[in-house]
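Let's have the full structure, built from the sequences with the hints guiding it.
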Amino acid sequence: MRIDHSDWLPGGNGPPVKITARAVNVYYGAKQALNDIGLDIESNRVTALIGPSGCGKSTFLRCLNRMNDTIDICRIEGRIALDGEDIYDKVIDTVQLRARVGMVFQKPNPFPKSIFDNIAYGPRIHGLAQRGPEMDEIVQSSLERAGLWNEVKDRLKEPGTGLSGGQQQRLCIARAIAVSPEVILMDEPCSALDPIATAHIEELIDELRENYTIVIVTHNMQQAARVSQKTAFFHLGNMVEYNDTEEIFTNPRDERTQGYITGRFG
Amino acid sequence: MQSTILIAVIMGLTLVGYLLGRSRAVAVAGGRLSHLHSIPSYHGFFVAIWAGLPAFLLLAVWSCFQDQLIASLAMAGLPDTVRQADAQSLTLIKTNILNIAHGIATGSEPEPSLREAAATYNQLQSLAGFCLLALGSALALAGIVHARRQISMDMRARNRVERMLSIGLVLCSLVAILTTVGIVLSLLFEAIQFFSRVPITDFLFGLHWNPQAAFSGDAAGSFGAVPLFTGTLLITVIAMLVAVPIGLMAAIYMSEYATPGARAVAKPVLEILAGIPTVVYGFFAALTMAPAMQVLGSGLGFDVSSQSAMAAGLVMGIMIIPFVSSLSDDVINAVPQALRDGSYGLGATKSETIREIVLPAALPGIVGAVMLAISRAIGETMIVAMAAGLSANLTANPFAAVTTVTVQIASTIRGDQEFDSPKTLSVFGLGLVLFVVTLILNVVALRVVQKYREKYD
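Quick mapping for you: the protein sequence lines, in order, are chains A and B. Numbering follows my numbering, in which position 79 of the first sequence is assigned residue number 127; successive positions increment by one, without gaps. Numbering follows my numbering, in which position 272 of the second sequence is assigned residue number 321; successive positions increment by one, without gaps.
Honestly, I wouldn't trust all of these hints.
[What the hints assert, rightly or not] 30 Å max Cα-Cα, derived BS3-like pairs, lysine-lysine:
no., chain 1, residue 1, chain 2, residue 2
1, B, LYS500, A, LYS161
2, B, LYS500, A, LYS205
3, B, LYS316, B, LYS500
4, A, LYS201, A, LYS155
5, B, LYS399, A, LYS155
6, A, LYS155, B, LYS500
7, A, LYS201, B, LYS500
8, A, LYS205, A, LYS155
9, B, LYS316, B, LYS399
10, A, LYS201, A, LYS161
11, A, LYS79, B, LYS399
12, A, LYS205, B, LYS399
13, A, LYS205, A, LYS161
14, A, LYS79, A, LYS155
15, B, LYS399, B, LYS500
16, B, LYS399, A, LYS138
17, B, LYS399, A, LYS161
18, A, LYS79, A, LYS138
If you're looking for bench data, these hints aren't it; they were derived computationally from the structure. Predicted model only: the values in this text are computed from it and were never measured.
Structure, rendered in structure tokens:
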């Protein structure tokens, strides 16, 4: 697939595009981690990023909400636009950007606070609500959407770290939902979970697609096939192939993609 | 002299024993080293232990009893008339004999009987020395022979050596524990003696501290320690008000904001502050800070004495900053990066993340650091003695001269003292209070740290 670098603003037919990346190069010090990446992430779809370890898929994910800014030696070239607006523009505030583009991490990382405060943290710092019924409403609806409400509604005051691994990860998803983002980035959200908890999260991702645009990095190709509509295959810092998930898994155009999904390397 | 030679001999024999044991094991194995139960060096250690340990034990026991035994033997040779004397004069005579024996001039010409006893003493001493040398060397040699004979293919040398090692380690930790227990007990008994003369309630709740007055009259009324406790509290509070905010902010800067380069410079520099002797801080406080306080105070219309709690507290606070900052820096660094990422991922700013996530997660460690700093401040003596004075004023005014528990202990105990006057004994009462307070603080600090450790992860 050819990438047209002049195609800056999303447009044309087909589903609306949420995020556009063009000519993205990322360097850690002198080492180049990503090489001329360009892709369009469609609205209200699940886009899976797959590829062997160290191929740059997590790095690319972290570019989408500027999490790489926290790494001193990381340098980014190229342009990434959210709804047509360059997120690396000087006028963009990372605080607002990350409120619009939430993130769920590989290892569940609940804050050492109560379950309630874990969810309330984001809305509070963004001034969406203070204490009171308004906040209770946000906490409840976030937990409900993350499918955790029934399990924790009687123990909201207990520490979030006391939950099981799968519950913790759903708590982290609820925490991300609570600030009403438009995009949710998930960095191998199930790799620390058992198969039952994984099934739970996958179901949840499918439901969330209705309201959010989701980008998920995964090592598990069955998972990519199950939850995503679009899949991008990364290899050695290059994006080898990007297409509908069904196409990628049934009819890969590139030899390397075929090798990876059939398990011949990676 | 002989015991020095003996120590050298035993150490030499221990080394020889090790080499002999190892070579014996190699010889026994006859080229099939892997068939030995233990590798040769364990056999070496086994023989070395047999060579060294019994001989050293003999040396230790012998030197405990040698002097007493020989002295009483020498005394036994004295005429009956002298030996009939009461216990006190006997001790005096014994001291005289020892003085003569060691060639220390006693002033007057000694009696012939004493001189004779001294000669006997010296004779016995050198005889005993040679006996010890001979016996010790023989014991070491016998140990080598005995142990070497036991070496065989199946001898479990490794297990025996490991066992001896673990016994040795247990003994070492016992020494540390027993010493502490001994110190506490001696503190306790002397304190009880003090409290039999001065009622404990008068001591703990009395408002008047003037130990000098105890010589001229009423002992009970002059040992009210409350002014010392309030003085300690006042200075500690001032020191903490300086050290905790500055130290904590410095720690946050170093762990969250500083570039690696700045951190590499700032952290060692701060830790150098901890290495400055407190005496140096003390004269800085007395010669620079206290006059500065006076100038500042008079400028603001206060009456500031030349020695003040403020000067001592401020300098002590500066001294404690590296404690707080270094320990807090460590605990802040130990907060997992994942928590910070989680917070940034929700759109939190750096200061929000630090305030809401990092500091609460690090709080137990920070509390522990502060507790340790408080016990350090309570125990500090030199700065207070130099900059805050010796007068036990009951006041909350930071610009007045106050004194602390530790300063009173130091100033009472220096110089020659009778050890049964209430003034001297009061030191043990103060020491006990100090010990109990710092113990409680340390226990609480450890508890807090342990209870909340691993809360994340």
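Exercise. Which of the numbered hints above does this structure break?
Worked result: none
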